[in-house]
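In the order they appear, the protein sequences are chains A and B.
The numbering of the first sequence is this note's numbering, which starts it at 1 and goes up by one.
The numbering of the second sequence is this note's numbering, which starts it at 1 and goes up by one.
Simulated from the structure, these hints should not be mistaken for lab results.
Any given hint could turn out to be false.
For identical chains, the list gives no copy identity; a pair is met inside one copy or between any two copies.
Straight-line distance between alpha carbons at most 30 Å, and here's what the computed DSS-like set of lysine-lysine pairs gives [claimed, not checked]:
id: 1; residue 1: K345; residue 2: K142
id: 2; residue 1: K65; residue 2: K358
id: 3; residue 1: K376; residue 2: K345
id: 4; residue 1: K400; residue 2: K23
id: 5; residue 1: K170; residue 2: K376
id: 6; residue 1: K376; residue 2: K360
id: 7; residue 1: K302; residue 2: K57
id: 8; residue 1: K23; residue 2: K65
id: 9; residue 1: K65; residue 2: K48
id: 10; residue 1: K23; residue 2: K94
2 protein chains.
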Amino acid sequence: MITNWLERYSDNSRDYGGYSIGKLFALLNDPEIISLAGGLPSPDMFLKEEMRAASRKILQNNIEKVMQYSPIKGENTLLAAIIDFLKNDNVFIKEENLVVTSSGQHGLDLTGRLFLNQDDIVMLDRPTFAGAIVAFQMQRPKFVGIDIEDDGSNIDEYRKKIKELLSRNKRIKFIYVVPDFQNPSGITMSLEKREKLLDLSYEFEIPIIEDSPYRDLRYYGETIPSIFSLDQKRGGQNVIGLFTFSKLFCPGIRVGFNIGPAEVIEKMTNLKEGNVLNTPKYNQDMCTAFLTEMNLENHIVKCRNYYREKLNVFLKTMEEYFPPEMGVKWTKPEGGLFLWVTLPKHIDTHELFYDAIKYKVAFVPGDVFFAENPAKNHMRINFSFASKEQLAEAVKRLSKCVKDKLL
Amino acid sequence: MITNWLERYSDNSRDYGGYSIGKLFALLNDPEIISLAGGLPSPDMFLKEEMRAASRKILQNNIEKVMQYSPIKGENTLLAAIIDFLKNDNVFIKEENLVVTSSGQHGLDLTGRLFLNQDDIVMLDRPTFAGAIVAFQMQRPKFVGIDIEDDGSNIDEYRKKIKELLSRNKRIKFIYVVPDFQNPSGITMSLEKREKLLDLSYEFEIPIIEDSPYRDLRYYGETIPSIFSLDQKRGGQNVIGLFTFSKLFCPGIRVGFNIGPAEVIEKMTNLKEGNVLNTPKYNQDMCTAFLTEMNLENHIVKCRNYYREKLNVFLKTMEEYFPPEMGVKWTKPEGGLFLWVTLPKHIDTHELFYDAIKYKVAFVPGDVFFAENPAKNHMRINFSFASKEQLAEAVKRLSKCVKDKLL
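Using the sequences and the hints, build the whole thing.
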C-alpha cells in the first residue's frame, strides 16, 4: 500500500498549501463575532429577483444548450456583452482579445501558468492581493515586492529594482498591480503613476498584469483611466487585464474574463481547455443577462451609494475610537471593499487576531498580503459585508483589543 | 511594444495547444453532416423539466448562498450525496476522501498538476482518452503507452515495461486507465485484469488513476467492480478515482469529483483553491438535486435502454455495410458512448476525415487518442448523440467513403 504520497507530488505542488488564512476563517463560526475578514460583497446588493427571472428565461429558452458542452473561449453572447461593457470604460477590443474565465482566481491562475517557470521573477506591490500570490505560487516564481505608496505603486523603486535585477541577468516575467482600490490597501494608483508604469513597461519590455475587480465601485473622486486603456491609447499592447463579475454582480456565479493581445488570449484559451474545458453556459448566460437585461447603471449607482455609507460609518468610528495618540493609521479608500490599518510596529496582527476573536471581532492579518518578507503590523478590513451598526460596533471592539496591546 | 510573446511563456505552456481536434470540429457546421465525432450525451436523456423545477427551488430557498462564495472542497450537501451515491457502487468513503471538481477535465488537470514534473512517466493504454492526454501534457511528462486488448489493459506488457523503466531509473508517477467502456475504444477491463493491475500497483508502488465517467451506462453484461472498490477490499489505498456528472446528468453543469487517500485529496483541494477557488454552488446544488430528488435509478434505466438501442442500430448497420472482405473491424462495447473502428493499415483516418465530410459524415481520427507514436488507421465513433436514423445513414455514408479508399 502506498503511504509515502508526499514524495510522489510534483515539485510545484509538494509544499503548496493554498491560502494560509483558511485555518483562521474556520475560527469565525461564532455568530457573535463581527467579521471584517472576508472579501464578501453584501447580499443586500445582490440582484436576487432579477437573477430568478433571468434564470427562468435561460432555462425556458435554452435548456438543451445550457445542459450541453459549450465553447471553451466563452459564449458568443457573453463575449459580445463584455466587449460592449468595456467600451463604457474606453477599452476597445475584439473577440480575439477576450477569454471568459471561471472567476478572477481562474484568470490569475491562467496568467501564472502561461508565463511562469520556477524562479522567474514576478514584481508586485507590498502589500498586494493574496489570491494573486496564491495563484502565482503554484509555479514557484520568485516574488520581488515594492512598498506601495498612498498614490499607488512606487514607480521609481520599481525602476531601480528592475535595473538591478536585469544587471544580474534575472528574468522578470511581469508586473502585477491592482490599480483601483487595491485589495488589501484600498489604495488607488494615480494617473501619473499609471503612465509612468507604462513607460517602464515599454522601456524594459515587461508586461503589466492589471487586475481590477473593484473598478466600478468608486465612491469618491473621478474615475482614472485603466492602464489597459492608456496602453491602447499609446498604441501599445503590453497590458493584460483581469476582471471578475464577483464584486459587481455576485461571486457565486464564478465568471470573469481576461483581455489582452490576441496571441496571449489564444494561449490562455488553450490552457483553459486542458484545465476545465468550458465555463458553464448557465453561469455565462446569467452574466450576459446581468450585463444586458438588469439595468446595470442603476445597479452600479445603488452599490456605490450603499458601500459609500458603510465606508463613511467605518471611517467616522475609526476617528472616534482610534485617537492619534494610539499611533494607529489607516487608509481612506475612494472605492472598493477594503481598507488597511497599520498598527504600531511591535503589534503582530497574527497574534492580535486570536485576541480579537475573544472581543468578538475579526480581520485578516496583513502578513498574507506580502509575497515575501511579510510585515506583521497590519490588518485588512472589509467594510462591505457587515451592517453599518456592526461596523461601528466592530471598530469599538477592535479599539479595546488594540488598547490592551498598547498598555 | 511587446511583440515577442512566445519567448515569455513558461516552458510548460509554450508549445501547448490543447486539443488538436478543435480545428476539425470547426468544419462540422454544415447541418447536412451527420457527426459521430463529438462526445455528447443525447439531449433526449436530459432531465429538462426536473432541472427547471430544481432550479426554481434552489433559487427560491437559497439564493443568497448561491450568489456568495462557497467552500473550496464542495458543498456539504453534495459531498453527502456523492458519498451515498458511491455506496451503491460498493465504494465507501468519508468527506476527507472527496473533492468536488468543476468537471472531469478539471479532475484530470488537478491530478496531473499534483503529481507530474517534466519528464516524469505516465503509463496509459493505447489508445486512451484524449482529454487526459491533453490535461497531463500541460506538465510535459513522458507518456509510455501499452496497446490495449479486447479485455482491457495488457497487464503483462505493463509489467515488462515497468521493470524496464525502473531498471533505467525512470520515475513512473501513475498508471491512467478508463476501465469501463473506455473512451475511445469502448473496451471494458475484465475483473481478472483489474485485480492484476492492482497487483502491479502494490508490487511496484505505482498509483492507479481510475477515470470512469461512463460506469453507470452499461447496456449488456454484469457490472464489474471498480478498481477503487477492489483496492478498498484488499485494504489498499493506491487508487484515485475520477468521476463526472457530464454523461449521467449533463455536461453543461460542469461538476464532477475526485476520490482518494485523504492527504491526496487535501492537496488537490489546495490546488483547486489557487486555480478556481470554488465550484459554483448553483451547479453543485443542481447535482445534489439530481442525485437526491430526481429518481436517479429510473433515469439510469432509461438511459441504458435508450443508448442500447442506438448501439444496436449502429452495430447492425455496420455488419451490413462493412462486410468482412472490406477488412474493417470494430469493437462491440457493453456500454458507454463510443466504439472504435480499425481500418486497413494503409488508410490514414486524418485524411479520410476530409473525404468523409464530403460524404456528409464525421468521426474523430484515432491518432488523437495516442499519447505517443499514434496509429493512423482508426476512427472513434460516438453513437449517443445522433438519432437512430442518422446512425444508420452515417454508416452507409462511411462505408461508401471507405470503399473509395479500398479501390
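Hints versus structure:
| no. | hint | in the structure |
| --- | --- | --- |
| 1 | K345 with K142 | within (26 Å within a copy, 51 Å between copies) |
| 2 | K65 with K358 | between (51 Å within a copy, 27 Å between copies) |
| 3 | K376 with K345 | within (8 Å within a copy, 68 Å between copies) |
| 4 | K400 with K23 | within (24 Å within a copy, 64 Å between copies) |
| 5 | K170 with K376 | within (29 Å within a copy, 45 Å between copies) |
| 6 | K376 with K360 | within (21 Å within a copy, 67 Å between copies) |
| 7 | K302 with K57 | both (25 Å within a copy, 28 Å between copies) |
| 8 | K23 with K65 | between (40 Å within a copy, 21 Å between copies) |
| 9 | K65 with K48 | both (24 Å within a copy, 11 Å between copies) |
| 10 | K23 with K94 | between (42 Å within a copy, 20 Å between copies) |
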